[in-house]
Amino acid sequence: MPDQENKQEKGKYVGAQVVMVVLVTLIAIGIGVWGPDSAKTRLTMSIGYGLLVLVFLFGMVVLVEIIRGNIDLATLLNEGGKASMSRFQLLIFTFVIGLSLFLMVAARPDAEKFPDIPANVLALLGISASTYAVSKGIQAGSKNDDAEKK
Amino acid sequence: MPDLVRATRWAMIILLGGLMVVVILKILTRGINMSGLLEVKHGVDKESFSPARVQMLMATVLAGMYYLLQVINDPAAGSLPDPPIGLVAVLGGSHAIYLGGKVQSVMSGNRKKTEPK
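Protein chains in written order, with the numbering used here: chain X, 1 to 150; chain F, 1001 to 1117.
Please keep in mind that the hints were generated in silico from the structure rather than gathered at the bench.
Treat the hints loosely; a few may be bogus.
[Said to hold, decoys possible] Below, in silico cross-link-like pairs of lysine-lysine (DSS-like), each with a Cα-Cα straight-line distance of 27 Å or less:
#1 LYS136/X to LYS82/X
#2 LYS82/X to LYS1046/F
#3 LYS113/X to LYS40/X
#4 LYS82/X to LYS1026/F
#5 LYS1046/F to LYS10/X
#6 LYS82/X to LYS143/X
#7 LYS1046/F to LYS136/X
#8 LYS12/X to LYS1026/F
#9 LYS136/X to LYS1026/F
[As the list claims (entries may be wrong)] If we take Cβ atoms under 8 Å as the criterion, some of the chain F residues that face chain X in the derived model are:
#10 GLY1017
#11 THR1029
#12 MET1034
#13 ASP1045
#14 LEU1057
#15 ILE1097
[As the list claims (entries may be wrong)] Label pairs and their computed distance ranges (CB to CB):
#16 SER1048/F to LYS7/X: 23 to 33 Å
#17 ALA133/X to TRP1010/F: 12 to 22 Å
#18 PRO1051/F to ASP3/X: 27 to 37 Å
#19 GLU1115/F to ILE117/X: 43 to 53 Å
#20 GLU1047/F to VAL19/X: 43 to 53 Å
#21 VAL61/X to GLU1115/F: 50 to 60 Å
#22 PHE1049/F to LYS12/X: 23 to 33 Å
#23 GLU1047/F to GLY15/X: 47 to 57 Å
#24 ALA74/X to VAL1005/F: 49 to 59 Å
#25 PRO36/X to VAL1054/F: 57 to 67 Å
Every residue gets a Cβ at the ideal spot worked out from N, C-alpha and C, and that includes glycine.
All chains, full assembly: derive it from the sequences and hints.
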């Protein structure tokens, strides 16, 4: 029975993906054929909208599956059964930079380019990410030592 | 073309904003396990309270809030605010203390295991 449920679930996913691809293709063709301006602009627009819809739908699938619990985030901050500080700080930094970009982009709806990212921000993210990596290295080293002693 | 730019902006806002909200809600509703966040994980002091973790948590949260306030003060700037070099140094130091504490606790654990009983 579980095999049949898995097959049905997989069938739903494949169906959803086919619908997405068909939708994207129709949008791209619609813009390419009936869109305004020159042929070159229409081509750019149809590729742009097609990619945008595809990326958005893939992102939404992931988001919906997280909300439904099919993608499990329970161990997102876990390291050996306990919450990890290095993971948590990396999450905070990622959210701070993400939220900052979100606020800046939302505040300038007519801006034509993405906000610049100064070198010190990259340094902050670098410190945060390398702390996580070094912490993981220390942990792996300690596990190897334990295994060798046994 | 401006419509495509606007649509891309909104798609990004919905996806990133949605992901952030979902993760924060999961943390608040205990869908993401946060137990043992401030405890030592190795060594002789295993499962005891860890000041190194607390100072890193405070430094991280304060730096994050400071940075977000800078953005909120001037969200229409064309570039993310440049954090002062002092802030980068403080965070670097805080993370170094945390990693130093971790190395120390792992080494103390290893020393205890090799000691003759």
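Supplied distance hint 47 to 57 Å, evaluated on CB atoms of GLU1047/F and GLY15/X: Given range 47 to 57 Å: holds, Cβ gap about 49 Å.
Restraint outcome when GLY1017/F is required to lie within 8 Å of chain X by C-beta distance: holds, 6 Å
LYS82/X paired with LYS1026/F [C-alpha distance capped at 27 Å]: Given that 27 Å is the threshold and the Cα spacing comes to 16 Å, the pair holds.
Minimum beta-carbon distance criterion (8 Å), MET1034/F to chain X: holds, 5 Å
Pairwise beta carbon distance, GLU1047/F to VAL19/X, judged against the given window 43 to 53 Å: This hint holds: roughly 51 Å between Cβ atoms.
Straight-line alpha-carbon gap LYS82/X to LYS143/X, limit 27 Å: Given that 27 Å is the threshold and the Cα spacing comes to 16 Å, the pair holds.
Cβ separation of GLU1115/F and ILE117/X, checked against the hinted range 43 to 53 Å: holds, 50 Å
Pairwise hint evaluation, LYS10/X against LYS1046/F, where the allowed Cα distance is 27 Å at most: violated, 44 Å
27 Å limit on alpha-carbon distance, applied to hinted pair LYS1046/F and LYS136/X: Distance ~17 Å between LYS1046/F and LYS136/X Cα, so the pair holds.
LYS12/X paired with LYS1026/F [C-alpha distance capped at 27 Å]: holds, 26 Å
Range agreement (Cβ of TRP1010/F with Cβ of ALA133/X, hint 12 to 22 Å): Hint violated: Cβ distance 34 Å, outside 12 to 22 Å.
Restraint check for LYS82/X with LYS1046/F, where alpha carbons must lie at most 27 Å apart: Between LYS82/X and LYS1046/F the Cα gap is close to 12 Å, so the pair holds against 27 Å.
Hint compliance for this structure: hints 5, 11, 13, 15, 16, 17, 18, 22, 24 are broken, all remaining hints hold.
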